[in-house]
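Q: These are the residues of each chain, in order.
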Amino acid sequence: MISRLLAMVRKEFIQIRRDRRTLAMVLIMPVMELLLFGYAIDTVVDHLSTMVYDEASDVESRALIAAFENSGYFDIEGYALSQSELVEAIDAGRAKVALHIPPRFGDQLLRGQQGNVQLIIDGSDPNVASTASFAASSVVQARMAEITAASLERRGLGRAAAAGIDLRPVVLYNPTMSSAHFMIPGVISLILLFQALILTAFAVVRERERGTLEQLIVTPVKSWELMLGKVLPYTVTAATATILTMLAGWILFGVGVAGSLLLLGALSLLYLLGSLGLGLLISTVSQTQAQAMQMAMFFMIPSILLSGFMYPRETMPFAIRQLSLLTPMTYFLYILRGIMLKGVGLRFLWPSVLPLALFSIAVFALSAKRFQKRIA
Amino acid sequence: MATDAIIDVRNLTKRFGDLTAVDQISFSVGAGEIFAFLGPNGSGKSTTIRMLCGILRPTSGTGRVLGFDIEREGEKIKRGIGYMSQRFSLYEDLTVWENLEFYAGIYNVPRTRRRERLEELVAMAGLTGRERQLAGQLSGGWQQRLALGCAFVHQPRLLFLDEPTAGVDPISRQEFWTLIHDLTRQGVTIFVTTHYLDEAEHANRIGMIHLGKLRAAATPAELKRMVHGRLLNIACDAPFEAVAILQTMPEVRNVTFQGNDVHALLTDEGAEETIRNSLRQGGVVVHDVQPITPSLEDVFVSLIAGAE
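Read top to bottom, the protein sequences are chains Z and A. My numbering applies: residue 1 is where the first sequence begins, and numbers increase by one. My numbering applies: residue 1 is where the second sequence begins, and numbers increase by one.
Hints should not be assumed to be uniformly reliable.
Stated by the list, open to error - The calculated EDC-like cross-link candidates involving lysine to aspartate or glutamate, where the alpha carbons are at most 20 Å apart (straight line), are: (1) Lys76(A) to Glu314(Z); (2) Lys222(Z) to Glu71(A); (3) Lys76(A) to Asp4(A); (4) Lys373(Z) to Glu73(A); (5) Lys222(Z) to Asp198(A); (6) Lys373(Z) to Glu251(A); (7) Lys222(Z) to Asp4(A); (8) Lys373(Z) to Glu71(A).
Calculated directly from the structure, the hints in this document are not laboratory data.
Start from the sequences and build out the full structure, keeping to the hints where you can.
A: Printed below as a string of structure tokens:
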């Protein structure tokens with residue numbers, strides 16, 4: 001009966017409007033997460049503070065130091081006067097990287113000998129260490145020949161061939177390599193999963209805690225009306241939060257939607273169906289909101305860690321990567337990045353759409369059934 | 001019994017595993033009656049109500065509520081009854097009016113009549129002027145009357161009240177019962193559970209339930225006549241010693257404290273003097289011994305004592 005469903009939905013919206021916690025979750029949290037993940041969590045490592053101990057102090061060593069600084073990866077923090085001072089700078093955390101150039105560096109190069117330069121890296125953050133090591137060897141390989149050639153020429157010792165290979169990478173979809181591009185689809189998938197899940201679960205569990213569920217059971221309300229009365233309002237709040245996030249991403253970070261908005265909406269709804277289902281499922285096994293929260297975390301942690309939300313799945317060990325195929329967020333994130341950043345359509349996305357659809361429909365059907373059984 | 005009874009159950013039984021929560025109970029309630037279901041917590045009151053409302057399947061036995069079968073026609077029963085639980089299951093973050101409006105929607109009160117009906121209920125519950133107040137901010141007594149209003153929004157012929165006055169002050173309780181009596185004058189039947197014995201006095205008939213068994217179902221007066229033997233009120237200087245002495249006497253069926261006095265239920269007429277003597281011999285100074293009419297509490301205690 002439409003009157004009963006209408007009463008349920010209306011009541012739920014009044015409650016959403018009155019509850020600051022829910023309102024904050026719908027209106028403020030998405031934008032806050034976006035700012036947090038977009039600005040604070042920058043996965044691109046650069047501008048590493050660097051300490052230099054230049055024993056040579058010749059034209060060549062200075063050219064090398066300049067090359068390091070110009071790469072953008074290293075910021076020269078200062079100059080040390082001894083090896084121990086270098087190490088101390090890293091110990092104290094003043095520098096992440098230390099560069100040690102031995103005496104007579106230029107002479108060695110000119111004689112065609114190999115120049116020995118030591119790079120000391122703070123390995124406590126492996127991400128920093130690998131970037132520093134990779135960037136340093138790139139700098140050395142790219143610029144060394146050039147520096148040597150210039151020196152030879154300056155001293156009138158002829159032109160050496162300094163051809164080498166000039167690699168010019170083209171970065172597609174995200175030319176400035178900003179983290180925001182990577183993070184915004186992540187934040188949206190997080191909101192669509194957890195906000196919907198937690199709010200739906202809370203909405204049901206709150207009624208159980210308060211005793212109103214007991215009351216509803218003795219009214220003519222059917223269990224499917226009760227279920228839809230919970231699911232519909234939180235579909236609206238999740239959609240609102242998603243649109244807010246996308247608008248904020250567009251305004252603050254310039255991340256728009258490259259592909260079809262319609263496809264994005266449709267697939268988001270599909271994914272949302274699974275989240276709402278999980279919320280209902282949790283509500284059938286939780287007596288209190290605290291229990292529901294714990295259950296939600298049980299889904300949340302693996303999803304964040306495994307889905308590729310923060311860490312690329314490509315670097316995960318094989319077994320873990322297979323495990324990540326079990327969380328729906330993995331598929332949705334792939335779809336979302338595909339549509340938003342690459343602008344691709346179903347032709348490329350269907351291998352992810354299929355398992356997502358399967359998961360969402362199965363979970364919703366299962367939880368709907370379980371919910372009706374528990375309520376009746 | 002009467003086929004036009006509002007509630008009529010026969011040998012109703014509910015078992016949860018090895019536990020028999022409700023054991024072969026039979027009774028019927030007529031139109032306009034207030035039937036009180038009296039018993040301690042865990043005696044099977046709530047289980048019985050849930051079966052009567054059509055939300056719990058009986059293990060065996062039959063029952064009809066408003067003429068509908070409790071096992072097969074639960075949906076029809078739900079539309080015709082009102083239910084109010086001891087927790088006054090209101091939405092605390094909704095206003096008085098919004099709570100009523102919600103239940104009006106749930107019970108499908110026609111939109112054209114809704115406003116008028118809601119105003120009636122607000123007036124009935126004495127909540128005029130408080131329509132915009134949040135239900136959570138109302139005092140216990142007001143919450144109770146609002147909960148009654150919500151349960152009565154669709155003018156059901158039968159109201160189930162499950163411990164309706166738990167945690168409410170005495171004046172509000174009195175007002176609540178005045179309201180209930182008004183409803184019965186309009187022909188509404190009330191099925192109320194309580195463990196307050198004084199409250200059961202409001203009922204036309206009382207069912208006493210203990211350990212899942214219906215020990216008696218009768219009017220308060222009839223119940224009081226069911227107490228066999230004579231009840232004495234004994235005033236003395238040492239009630240604890242008196243009780244200890246009385247418990248050892250074969251002529252005394254039951255002893256209970258009543259304030260500073262002692263109630264003793266005797267098996268035969270002639271024992272009053274024996275009692276005085278025994279107490280005196282035990283060193284208890286007896287001020288006064290008065291035969292009294294039993295209260296519902298005495299009835300209940302004697303029924304349970306008889307069963308055990």
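Q: Quick one, are Lys76(A) and Asp4(A) close enough, alpha carbons at most 20 Å?
A: holds (17 Å)
Q: Does the alpha-carbon distance linking Lys222(Z) and Asp198(A) stay inside the 20 Å limit?
A: This hinted pair is violated, its Cα atoms lying about 38 Å apart.
Q: Does Asp4(A) lie within 20 Å of Lys222(Z) when you go C-alpha to C-alpha?
A: violated (29 Å)
Q: For the pair supplied as a hint, Lys373(Z) and Glu71(A), is the alpha-carbon distance within the 20 Å limit?
A: Within the cut-off at roughly 17 Å; holds.
Q: For Lys373(Z) and Glu251(A), compute the direct alpha-carbon distance and say whether it is at most 20 Å.
A: Not satisfied, since the Cα-Cα distance of roughly 56 Å exceeds 20 Å.
Q: If you draw a straight line from the CA of Lys373(Z) to the CA of Glu73(A), is it 20 Å or shorter?
A: holds (18 Å)
Q: Given the hint that Lys76(A) pairs with Glu314(Z), does the C-alpha gap stay at or below 20 Å?
A: Violated, at about 59 Å.
Q: Given the hinted pair Lys222(Z) and Glu71(A), is their alpha-carbon gap at most 20 Å?
A: Roughly 17 Å separates the two Cα atoms, so the pair holds.
When the structure is compared with the earlier hints, violations turn up for hints 1, 5, 6, 7 and for no others.
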